[in-house]
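Respectively, the protein sequence lines represent chains C and R.
Be aware that the first sequence starts at 363, since it is given in this note's numbering, and climbs by one per residue.
Be aware that the second sequence starts at 15, since it is given in this note's numbering, and climbs by one per residue.
The hints are simulated quantities; they were obtained by calculation from the structure and are not laboratory data.
Please note that a few of the clues may not be correct.
Claimed, not checked - List of simulated lysine to aspartate or glutamate pairs, DMTMM-like, C-alpha gap at most 20 Å:
#1 R:K70 / R:E59
#2 R:K70 / R:E29
#3 R:K70 / C:D463
#4 C:K419 / R:E17
#5 C:K363 / R:E59
#6 C:K375 / C:E444
#7 R:K110 / C:E437
#8 R:K122 / R:E29
#9 R:K110 / C:E414
#10 R:K81 / R:D21
#11 R:K110 / C:D463
#12 R:K16 / R:E118
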Amino acid sequence: KAGVTQTPRYLIKTRGQQVTLSCSPISGHRSVSWYQQTPGQGLQFLFEYFSETQRNKGNFPGRFSGRQFSNSRSEMNVSTLELGDSALYLCASTPGQTATDTQYFGPGTRLTVL
Amino acid sequence: QKEVEQDPGPLSVPEGAIVSLNCTYSNSAFQYFMWYRQYSRKGPELLMYTYSSGNKEDGRFTAQVDKSSKYISLFIRDSQPSDSATYLCAPNQGGKLIFGQGTELSVKP
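Looking at chain R on its own, in the form it has when it is part of the complex:
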């Protein structure tokens, strides 16, 4: 079993939809949880991160961590075609990022 599990999709939604992306993890020692976005033929870029359990909001994006159930979520409100990319969750283990498989998202105009 992988340390971080993420549904690879692909996920296709219409423009303006609310998108929910999720990961589960097995290591209860994880404290920092990152979300990266990767466009085709590019390296991943950090979207946002949260520490321990709780929510964090940044514009149209909300990251949520529930440590009791080892569940990580990213919500995208009012999704745009420019949000079409692969989204990767990545707990940070002492500087080592443990990536999920990534979810490929397509937002249709």
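Bound conformation, chain C alone:
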């Protein structure tokens, strides 16, 4: 079974721009969660989508948004980029049936904001 895939793997943007990251979950998984990883703050939960609906949300500003499509693929968008948004963005998928399902992570998208 193919793992979680994320595209692109690397991205460079400038302040003020917006960016869209994509995540394809493991086949059959209906839940996708997004996390931000930085050296200072570590791994922080952004949000979770299940069956095209946001089911859980972390403490990030409204500039961070996401969506999920009917095939369970998910995108996250960051608008008006700031230098502090430079990070590794990870997505994780689970079957979504229970809160304790194992979360399988993708390799991440490394975003650099200049």
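Based on these hints, arrange chain R on the given structure of chain C.
Coordinates of chain R only, in the frame set by chain C:
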């Protein structure tokens, strides 16, 4: 104060050593506790998880939770160079993983 505190290390040990990795947490409602391992330039992968207080063993790895003191531990026996990675504790809060900072471990041959 962060919900989950973990000493970031780095921790360097010789091959064959017993490694102890620890976290403390503040939310007494946490019931499921995960340990993830992250190699450089990779996403985290689940090592093991425990439910409530107690021990769980899987090969060379033992996870331990003491809910009375809000303390989580991971022990690695007979450590190998291939164990060199960052180890992250992560209580599961209704599907949301609350990660510690991660401890960078290096096992020297």
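Taking each numbered hint in turn, which are not upheld by the structure, reported in ascending numerical order?
Going through the list in order, the structure violates hint 2 alone and respects the others.
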